[in-house]
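K.L.:
So that you can map any letter, position 76 of the sequence shown is 76 in this note's numbering, and since no number is skipped, the others follow by simple counting.
Hints listed in this document are in silico derivations from the structure and should not be mistaken for laboratory results. Backbone N, C-alpha and C define an ideal beta-carbon position, used for all residues, glycine too. One should not assume that every hint holds.
Said to hold, decoys possible - Pairwise CB distance ranges, derived in the manner of DEER restraints:
| hint | residue 1 | residue 2 | range |
| --- | --- | --- | --- |
| 1 | Ala73 | Gln21 | 27 to 37 Å |
| 2 | Pro44 | Pro9 | 31 to 41 Å |
| 3 | Glu10 | Leu46 | 35 to 45 Å |
| 4 | Glu10 | Pro44 | 33 to 43 Å |
| 5 | Asp47 | Pro9 | 30 to 40 Å |
| 6 | Ala94 | Pro65 | 13 to 23 Å |
| 7 | Pro9 | Arg49 | 30 to 40 Å |
| 8 | Glu10 | Arg49 | 18 to 28 Å |
| 9 | Pro9 | Lys63 | 14 to 24 Å |
| 10 | Asp27 | Leu72 | 18 to 28 Å |
| 11 | Gly77 | Ala56 | 14 to 24 Å |
| 12 | Asp47 | Gln97 | 15 to 25 Å |
| 13 | Gly35 | Tyr8 | 11 to 21 Å |
| 14 | Gln42 | Pro9 | 32 to 42 Å |
To be verified - Straight-line alpha carbon distances no greater than 30 Å define the calculated DSSO-like cross-link-like pairs of lysine-lysine that follow:
| hint | residue 1 | residue 2 |
| --- | --- | --- |
| 15 | Lys63 | Lys11 |
| 16 | Lys38 | Lys63 |
| 17 | Lys6 | Lys38 |
| 18 | Lys66 | Lys38 |
| 19 | Lys38 | Lys11 |
| 20 | Lys66 | Lys11 |
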Amino acid sequence: MLLDLKQYPEKGTLVLAVRVQPRASTDEVAGVTGGALKVRLQAPALDGRANEALCAFLAALLKRPKSAVRILAGERGRNKRVEIFGVEARAIEALLQRDA
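Produce the entire structure from the sequences given, and follow the hints as far as they go.
P.N.:
Following this line, the structure appears as structure tokens:
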């Protein structure tokens with residue numbers, strides 16, 4: 001279970017790879033696949049709704065404001081690079097432990 005993430009302490013951010021599955025039955029973290037955090041979302045991949053849902057979901061899980069989560073790359077695909085402000089790598093690892 002190797003998760004592709006990078007911590008940037010000088011900026012106070014964490015960048016990680018996320019694989020999104022839209023139109024799922026529930027919003028959940030579904031483990032790690034291919035180095036990316038797999039996230040299942042109820043929102044459809046239309047008009048950026050899945051992207052908005054992803055940012056809101058990650059912000060809620062990590063107890064950060066929605067503005068602290070932004071998509072750096074992959075807005076039109078399932079594979080994304082997400083930047084989260086004010087979070088450390090162990091918080092992401094704790095999510096995986098909790099949902100395992």
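K.L.:
For every hint, state whether the structure bears it out.
P.N.:
Verification of the supplied hints:
no.: 1; hint: Ala73 - Gln21: 27 to 37 Å; result: 18 Å, violated
no.: 2; hint: Pro44 - Pro9: 31 to 41 Å; result: 37 Å, holds
no.: 3; hint: Glu10 - Leu46: 35 to 45 Å; result: 37 Å, holds
no.: 4; hint: Glu10 - Pro44: 33 to 43 Å; result: 37 Å, holds
no.: 5; hint: Asp47 - Pro9: 30 to 40 Å; result: 36 Å, holds
no.: 6; hint: Ala94 - Pro65: 13 to 23 Å; result: 19 Å, holds
no.: 7; hint: Pro9 - Arg49: 30 to 40 Å; result: 33 Å, holds
no.: 8; hint: Glu10 - Arg49: 18 to 28 Å; result: 34 Å, violated
no.: 9; hint: Pro9 - Lys63: 14 to 24 Å; result: 19 Å, holds
no.: 10; hint: Asp27 - Leu72: 18 to 28 Å; result: 21 Å, holds
no.: 11; hint: Gly77 - Ala56: 14 to 24 Å; result: 19 Å, holds
no.: 12; hint: Asp47 - Gln97: 15 to 25 Å; result: 34 Å, violated
no.: 13; hint: Gly35 - Tyr8: 11 to 21 Å; result: 18 Å, holds
no.: 14; hint: Gln42 - Pro9: 32 to 42 Å; result: 34 Å, holds
no.: 15; hint: Lys63 - Lys11; result: 19 Å, holds
no.: 16; hint: Lys38 - Lys63; result: 19 Å, holds
no.: 17; hint: Lys6 - Lys38; result: 17 Å, holds
no.: 18; hint: Lys66 - Lys38; result: 19 Å, holds
no.: 19; hint: Lys38 - Lys11; result: 25 Å, holds
no.: 20; hint: Lys66 - Lys11; result: 18 Å, holds
When the structure is compared with the earlier hints, violations turn up for hints 1, 8 and 12 and for no others.
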